[in-house]
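**Student:** Sequence:
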Amino acid sequence: MSHLLKSSRARLFTASLVAAAALVACGGGETPPPQDGKATPVGLKLEKIGGYSTGLFGVSAAEIPAFDAASQRAFVVNAAAGKIDVLDLSVPSDPVKIGEIATDGILAGSVVNSVA
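Just so you know, we're using the numbering used here here: the sequence shown kicks off at 2 and counts up by one.
Hints may be right or wrong, so weigh each one.
For each label pair, taking beta carbons as the anchor points, the in silico distance ranges come out as [claimed, not checked]: (1) D105 x G38: 47 to 53 Å; (2) K49 x S111: 48 to 54 Å; (3) I99 x E48: 44 to 50 Å; (4) A67 x R10: 47 to 53 Å; (5) T32 x Q73: 38 to 44 Å; (6) S61 x A11: 30 to 36 Å; (7) P66 x P35: 54 to 60 Å; (8) S91 x S54: 16 to 22 Å; (9) A82 x D37: 23 to 29 Å.
Think of the hints as simulated: they come from the structure by calculation, not from any bench. All C-beta atoms in this analysis are idealised placements derived from N, C-alpha and C, irrespective of residue type, glycine included.
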């Protein structure tokens with residue numbers, strides 16, 4: 002048994018040395034990634050161009066929505082209803098609810114707070 006334990010430790014030590022050598026061989030990232038030539042913006046300005054309301058205020062909120070550029074749709078958690086609202090954003094100034102996705106069958110006793 003003692004011989005088996007020593008053999009196991011030797012293998013672990015050897016594997017650790019090989020892993021450390023492999024990490025050292027990866028380098029420290031001395032070469033910076035290529036730049037695209039665009040300067041980083043100094044500031045950022047947000048402007049509201051549209052809005053959507055469930056009609057409930059101060060009861061719940063939408064957290065971490067997701068946007069699908071191909072369909073021009075946003076998926077927004079409606080925690081008060083326990084569903085995901087599907088919004089058509091093809092006209093960004095006038096979002097329209099076009100459907101909803103039920104979330105009650107995901108996991109018993111849980112709530113959805115993100116679609117991202």
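**Student:** Does 23 to 29 Å hold as the CB distance between A82 and D37, or does it fail?
**Tutor:** violated, 43 Å
**Student:** Mind checking the hinted window 47 to 53 Å against the Cβ distance between D105 and G38?
**Tutor:** Since D105 and G38 have Cβ atoms about 50 Å apart, the given range 47 to 53 Å holds.
**Student:** In this structure, is the beta-carbon distance linking A67 and R10 contained in 47 to 53 Å?
**Tutor:** About 49 Å separates the Cβ atoms of A67 and R10, which means 47 to 53 Å holds.
**Student:** If I claimed the Cβ atoms of S61 and A11 lie 30 to 36 Å apart, would that claim hold in this structure?
**Tutor:** violated, 60 Å
**Student:** K49 and S111, beta-carbon distance inside 48 to 54 Å?
**Tutor:** Taking Cβ atoms as reference, K49 and S111 lie about 32 Å apart, which means the hint is violated.
**Student:** Is the gap between the beta carbons of P66 and P35 within 54 to 60 Å?
**Tutor:** violated, 33 Å
**Student:** Using the beta carbons of I99 and E48, state whether their distance is inside 44 to 50 Å or not.
**Tutor:** Distance hint for I99, E48 is violated at roughly 25 Å.
**Student:** Is it true that S91 and S54 lie within 16 to 22 Å of each other by Cβ?
**Tutor:** Roughly 19 Å apart at Cβ, these two residues keep to the hinted range, so it holds.
**Student:** So the hint says 38 to 44 Å: do the beta-carbon atoms of T32 and Q73 match that?
**Tutor:** Roughly 40 Å apart at Cβ, these two residues keep to the hinted range, so it holds.
When held up to the earlier numbered hints, the structure conflicts with 2, 3, 6, 7 and 9 and fits the remainder.
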